[in-house]
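K.L.:
Hints given; two lone chains; assemble the complex.
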Amino acid sequence: MNCLSITKNGLVLAILLALSGCSLVAISPYDSSADKAITKLHKQTAEFFADSSKASDEPGCGYPHHLRFYQNSKISMSSLLVRARAMADNSLTVSQLKVLSSSYVNLAQLHQLGCFTPAQVSELWGSFDASFSAILKLELAKKYAR
Amino acid sequence: MNEIKDDLGSLLLSKLLVQASSDGLSSNHKAPADTLRLAEELDAINTMVIAGELSEEQAVLHRELRLNALKIRLLSIEGDDDIALERTLDGMGKVIRRFYGV
Chain A
103 MNCLSITKNG LVLAILLALS GCSLVAISPY DSSADKAITK LHKQTAEFFA DSSKASDEPG
163 CGYPHHLRFY QNSKISMSSL LVRARAMADN SLTVSQLKVL SSSYVNLAQL HQLGCFTPAQ
223 VSELWGSFDA SFSAILKLEL AKKYAR
Chain B
20 MNEIKDDLGS LLLSKLLVQA SSDGLSSNHK APADTLRLAE ELDAINTMVI AGELSEEQAV
80 LHRELRLNAL KIRLLSIEGD DDIALERTLD GMGKVIRRFY GV
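Sequence order for the protein chains is A and B.
If you count by our numbering, then the first sequence holds residues 103 to 248, one letter each, in order.
If you count by our numbering, then the second sequence holds residues 20 to 121, one letter each, in order.
Hint data in this document are derived by calculation from the structure and do not stem from the laboratory.
You may find that some hints are simply not true.
Covered stretches of chain B, going by a simulated chain A footprint (3 or more residues, C-beta under 8 Å) [what the hints assert, rightly or not]:
(1) 65-73
(2) 76-87
(3) 93-105
From a predicted model like this one, the values you see are computed outputs, not experimental measurements.
Note that beta-carbon positions come from the ideal geometry of N, C-alpha and C, so glycine has one too.
The following block holds chain B by itself, in its conformation from the complex (with noise of 0.2 Å):
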């Protein structure tokens, strides 16, 4: 019996290995497709400054506030990595408590 509860909590260990470092619990691939948004963006505002719409003054706190933007989305993406991580541990920790009668 010892032998399987140790097989069992082995097993448990390595899913939760297998998941922390897995993509599944990171949105890490969200940040190029914000990132290259981000480049066609920048071009855009390039565009309006050889168009003469924008100042070089006034392109450059345009630039500044789409930098803002991505930043927040970057932190956005961070905290939802965090949350998950922390939903993952908590179910692990509630099974391996049930699983050792703790």
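Chain A on its own, in the form it takes in the complex (with noise of 0.2 Å):
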């Protein structure tokens, strides 16, 4: 064996320790009940845009008639960022949620200065539809792209 195959085999043995013995790469394992409670807030946020496009000029459209909708996605996002965060190597979708949980942020700021047009419901939607599909995909990667 010369000098040459010893380090090719070093560097196999290398790589193969470095494979066996630790994950290089670490990303959480799917997580059904995520999957469940992100499916469940994206339904509670369309049948809120859905409502609020209907009745952008009627007197139920003002940021106080929709206060139950913002109170319960902010608890949902807390639920959700709680788990998201016992779970270890899951740094990218607690990024996620922190981000989305902003946007609700954003949201009530916005209707607290007044009715949304419904461009606007159509603008706000696509943002949040997005949001909702690219985490739901980073989740559902997590079950079959592996």
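P.N.:
Below, the structure is given as structure tokens:
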């Protein structure tokens, strides 16, 4: 066995030990509870926007009439974040949920400025739908892409 | 026999390195398309401001929401890449372990 061969074997052995001894890339396993909770929140948000688009010029379109939605979404986000933080190697999902949480804060601020027009509802729903799609895509990739 | 094993081992390693450094494991090419879409969305918000449908204060919040959606999308792409790399490394690990009988 010459020096080159020893080097090659050593390199292969090092890679082998690295692959078997520890995970080089760590990402949390699929969480079905998170999947269901995110899907449920998506449905609540879709209902809110459907309701908002109908009532843009009616008295019930203002922020005070939708307080329950904002409170429920805040509670749902808090529960999702606690669960996501409790799981190891879940930093990407935690970051996604933190950003989504701030989106709900922005939405509430926007609603406090006045009722949403149909054009605004369409624009806002585009943002939220894209956010939910991306969060669910990552969660499902943990299950199906492995 | 040992020489054949060495050569095959080296080949496996070089394949792993090529895979890890190639675009096959990366979804980075998706990011420019998302950035372009964001530019169009921000442009649509500006059009709404010019048309008087949105105040500047409202437009700031709309833009922030669009940026948040992009951030979430980019995090998803990063996660997809990590999962793809994890899958490749696991596969290579299995092949190498079987090859060396470990």
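K.L.:
Work down the list of hints and note, for each, if the structure agrees.
P.N.:
Now for the hints, and whether the structure bears them out:
1. A stretch counts as covered by a chain when three or more of its residues have a beta carbon under 8 Å from one of that chain; for the segment 65-73 of chain B and chain A the count is 3, and the coverage holds.
2. Under the rule that three or more residues need a Cβ within less than 8 Å of chain A, the assignment of the segment 76-87 of chain B holds, with 8 such residues.
3. A stretch counts as covered by a chain when three or more of its residues have a beta carbon under 8 Å from one of that chain; for the segment 93-105 of chain B and chain A the count is 10, and the coverage holds.
Checked against the numbered hints above, the structure breaks none of them.
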